[in-house]
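K.L.:
Next come the chains, spelled out residue by residue.
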Amino acid sequence: MHDDLNWAIGGEAGDGIASTGKIFAQALSRAGRHVFTSKDFASRIRGGYTAYKVRTSVDQVQSVVDRLDILIALTERTVDENLDELHADSIIIYDGDRTEFADFESPAEVTGLDIPLKDLAEDAGGAIMRNIVALGAVCAVADFPIENLDESLEKRFSGKGEQIIENNKQAARLGAEYVAEEFEDVTLPYELETTDEDYVLLNGDEAIGMGAIAAGCRFYAGYPITPATDVMEYLTGRIEQFGGHVVQAEDELAAINLALGAARAGARSMTATSGPGIDLMSETFGLVATSETPLVIANVMRSGPSTGMPTKQEQGDLNMMLKGGHGEIPRFVVAPTSVAECFHKTVEAFNLAEKYQLPVYVTADLSMAVTERTYPPEEFDMDAVEIERGKLVDEDEISAWQNDTEQFRPHADTADGISPRAVPGTEGGVHMSTGLEHDELGRRTEDTDVRVDQVDKRYRKVDTAREREQFDYREFGDSDADNLVVSWGSNEGTIVEALEYLDGDDDPDIRVVSVPYIYPRPDLTDEVEAADDVVVVEANATGQFADVIEHDVLERVTRINNYTGVDFKADELAAEITESLA
Amino acid sequence: MSSENVRFTDFKSDKQPTWCPGCGDFGTMNGMMKALAETGNSPDDTFVVAGIGCSGKIGTYMRSYALHGVHGRALPVGTGVKLANPDLEVMVAGGDGDGYSIGAGHFIHAVRRNVDITYVVMDNRIYGLTKGQASPTSRSDFETSTSPDGPKQPPVNPLALAMAAGGSFIAQSFSSDALRHQEIVQEAIEHDGFSLVNTFSPCVTFNDVDTYDYFRDSLVDLSEDDDYDRHDYDQAKDAILDAGKEYLGVLYQDEDSTPYSEAHGVTENMAELPDGAPDGATDLVREFY
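Chains as they are written, first to last, in UniProt numbering: chain A, 1 to 582; chain B, 1 to 289.
Treat the hints with care, as some may be off.
Unchecked claim - One side of the interface only, derived from the structure: several residues of chain B facing chain A at Cβ under 7 angstroms:
| no. | residue |
| --- | --- |
| 1 | 47 |
| 2 | 59 |
| 3 | 66 |
| 4 | 76 |
| 5 | 77 |
| 6 | 161 |
| 7 | 270 |
| 8 | 271 |
| 9 | 281 |
Treat the hints as calculated values from the structure; they're not laboratory data. Every residue, glycine too, gets a C-beta built ideally from N, C-alpha and C.
With the hints as constraints, model all of the structure from the sequences given.
P.N.:
What follows is the structure, given as structure tokens:
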């Protein structure tokens, strides 16, 4: 028997699948068990097939597995959809009174428990509670004290009144009693033990939102899009308690410009979106970067291109984030590798954005965004949050950054590439900026020397960040192993669990490097060269991060670059080629 | 800088405008600078957002905190600035292409949000910087390089769009009527909510139809009409939809409209931050129990 239990409820969209799943996941978490949830859902409001899955263990769980132990099937299709994962000890809970289950037979060897969910729910006060009856039945099946459901039900129905809460508790008990009485002879091999641990349960989008508030984000503008909407919904109603505000923009073009405006005014500001929104935002991305405005953009990736598969997982936007937009401009890309890291990396992203005065992508992906995971609350230590605002200058420091006609220099060409920043309202700090190439004062120029100076200055910030920051990778497995597996984003947990399947004598030794910083990133040249074989795991078709790794290791090409805005000239180019070949 | 000592020339930068001699934008900008000084603002506390095109250069020629943005997106930027720091006087300026073509989507939403910013559209009914193509406010028979027989579609009526979107201050001015232009912008600044000032700002190089003479001869100043009540919605609607006339003045004002800041309680300067997570942040973690 495994230490973990895999549970699911499935039915049509509109059947209350997600809220039932959340109630069960919370009950497990409150009972001191670790939880990892996942969702199968479709881009529709009603019908189809949707499921909420919970993997739980007393130990940490950080991936889904291909095994389902207990399934609440509200439709027959739910059974078909999960046939591959069912096994000899699996139990299916269904309501044989439903017309569509009239001719239903449980798959061979699988135990089917036919429970009158609707009738029992009506006994408790209403058919709408049939899922709760099923949860009660699960408690009996898995030997999980039913009291653990109570708090979870109280939380879910807190706004609906005492009677509704009591009815739901009663519904759960009727389900549990029915199993105890009617299936006395059925062997139920599961036992969900409880512990004294206290865990919190949250998903990646919520962790990003909480990280933003912790980091002092006061302004959010966004346009609803799956799977990033949860960030906006999390912030709405909460950020206001911290003096902040959320604007639902008319589109992503407006969202990033609203966020840009707030950032120019000095607020810590962010937007969140998914691929199609990133496409629109790329219009303004270059302006954010060239005006050297600190901004955090959360990109919760989904399957593309175009509208793609909006409710499915993919890590397909790496190239877009690294290179998107016309022209060339540095931007940072951080990719949290777990739900908790969504919190930590968001906090860090706000600091990086202000210290280096540029846009920072925080990129999660669909599975991490909608996956709920348990953590000890200490994981989110608010006292450990430090806010670093970089070269923000006040009125006393302004004069050091003015030119000889007392004009403030927002794009001063400094040794570290970072210029002073004066927020509007600062006396003596008056300045403009623009998406046109500009001089130190932020005013348009086509002077080739100034152009080159400003391009170099902007890229110098990246060099400075590499010197000052720790862009480290996370390491798992055997650090002396001959083989290297590289990952980015949410695959980390799955790879770490996969290592447990690879601990046989004949299995390869593996060193796992999980990279949360995509740009600037740790130099993996030594790690790659030391390995016999290198494998890069990512949820896309072409291996976008693999391309990046191969690019970093390759040193073959000498580059001749001209970004003055003036054509190459044949005689000068001849000299440059000669020099580079010497 | 104490605002009592501010003169309008303090809002002028040391950059000489590259607008064509005689361009309407000179007068438009002068009126804006005077209105800002007259309403007690200083460059330190003023933020100008400019769009793209000839009009977009205004951020460079004025002196204040400013951002010269992406084509068509000046209004969302200005909205974000104002919400993050309500103490700033925010003025957004752009052309008819910026506001009513590429930025038309943002225009109606900025109007209905009713954030307390002033939007001056330098409307010359032509694309000037790209050397003379039809704009959304060009007449249907206006011949240009990209519309040899005219656009053959009616011009956008920005005042009607603003009214349909629930605008609380809808005005029209003329850059050459310096005094009235300044007065109208001043009223726009003083209005508590979103203010639209569509300013006829003639292009002397590419528009030989909507000229200074044309506007001088055709504009009817509503302030000279004792029977016109700018607070009367129906009267304003009739004037705004009157295709036969060009009006000057404040066509409509709803002084009782609720500005966004009041509706949403957004009144704090968001720029100041503590050194760590805000007080009460730990409660956010507890919510996930």
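K.L.:
Check the structure against each numbered hint from earlier and tell me which ones fail, lowest number first.
P.N.:
Violated: hint 6 alone.
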